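J.: Sequences are here, hints too, so could you generate the full structure?
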Amino acid sequence: MKRLQVLRCFAPLAFGLSACAISSAQETLTLDRLGVITILRPAQQPPAAVSWLISGRSGPGGGAEQAVARQLQATGVLVLLVDGERYLDTVTPDEGSDCLFFGWDFESGAQKLERLLELHEFRQPSLVGVGDGATIALAAAAQSTINTFRGVLTLGFDPQWRSRQPLCAGDQGEVARKAPSKSGWTLAPSADWRINWIALNGAADPYTDPATLRTYVESVDGARLQQVPGIGHGFDNPPRWQAVFASAWRDLLGTQSHAEGLADLPLIELPVEQNGDWLAVILTGDGGWAALDREIGETLQSQGIPAVGFNALKYFWQARTPEQTAADISRVLAHYRATWQRSHILLIGYSFGAEVLPFVLNRLPPEERAHVALGVLLAPSREASFEFHALDWIGAGASATDLPVAPELERLRVPTLCVYGSDEAEDSACTDLPETKNDALITWKLDGGHHFDGDYQALAKRLLETAQAVSARK
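Going left to right, the sequence shown walks through residues -25 to -1, 1 to 449 as mature numbering (1 follows the signal peptide of the UniProt record, and there is no 0) numbers them.
Hints in this document: simulated from the structure, not taken from any laboratory.
Just so it is clear, the structure is predicted and the values come from calculations on it, not from any experiment.
Using N, Cα and C, we set each Cβ at its ideal position, and we do this for glycine too.
All clues given are correct.
Derived CB-CB ranges, DEER-like:
{"hint": "1", "residue 1": "P379", "residue 2": "A218", "range": "48 to 58 Å"}
{"hint": "2", "residue 1": "K420", "residue 2": "Q249", "range": "30 to 40 Å"}
{"hint": "3", "residue 1": "Q293", "residue 2": "R139", "range": "34 to 44 Å"}
{"hint": "4", "residue 1": "D146", "residue 2": "Q249", "range": "20 to 30 Å"}
{"hint": "5", "residue 1": "A218", "residue 2": "G36", "range": "22 to 32 Å"}
{"hint": "6", "residue 1": "T190", "residue 2": "C74", "range": "17 to 27 Å"}
T.: What follows is the structure in structure tokens.
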């Protein structure tokens, strides 16, 4: 199956173990670009959270780094400790690029490690950085899609930090710009960055101007600064700041609210204040609530259509069945129809979610299926999986448990739009079934490939117009 992103290959021999599992006794392993990762497992299983910890110039064995690692571990966090200085010294641009992209290394690395460590559920990782590691953490979050990381917590962030190489722009816009009077590139914070970031800086740090730092942090949407009294640049003497760190960590994670009766499902709510008849539910690709899924949801929200994201990466982290998936989606539809008082549903699936969606549509209870005005399959391939496999990212091919999509397309009775990019015509489920074989199915061929050339806002508006037109003809 073609997927949202391509995993940079982590050679199994580099781990000293199989590609599918890690021994519970293993405490370190090596990832291609991130180097040696020290794993600190909490006594609590499953872990309450997962966090990267990126070291500064003192390395993973530094006093502040070790204090943070042990404190997180003691609170039930699975800690992934990486040598930040080594990473900065060795990281190179991707082939064909002239800039550094930190975000994907930490996003894909966490997903790979959580699968290899056999976590029962996917845990959205946080980023904690010390010193130069603080800058790596912030840059990685800025380069990534909003909500890729649960949050960023930094100790000793330096707004004057410079990179020897340019940093790539990401889904949140520009990340760095050329330093005005010195060599290198500096981070370029802006209101376009939407990052849950808490910066802990020493009030006695002689190298950082407090006013400059405050202006810098306040320029980022979702960021807040806390000056720690009596602490210098290196965060020495952990007993003097550990209580502050613990409070900041709790604040970073916050309390995740769940709709009543749906706490077991990975949902993202995009409500609106306007009244109306329409509701959108979006089954994401295997990258989770990423660029296409999020932008379509936010565009619909801006048009007065409330949306609910259903995170496929988290949900299918464990094996499901078509029947179980349909039952859970039915719960979502019933809840939000009643809560938001909507009667027309636009049910959208992208990539992984699009491959699953025909199975769901065919298994919804009649009372919920009657409210689905239009199903939308965006970039489905020919096989559907009901469990996430990390090897999907490296083109490992279909699993023995994958199911063909075409028979489900033939059975569809809900009006359904199947959309594929011209570059993927040979691999798309949309090209398997001529419209003449099923009057409920409409196919669109758009320019581009798996991401439809990135114009997600125009795509979302066109989908809504089509859904409304189809509904009016009923």
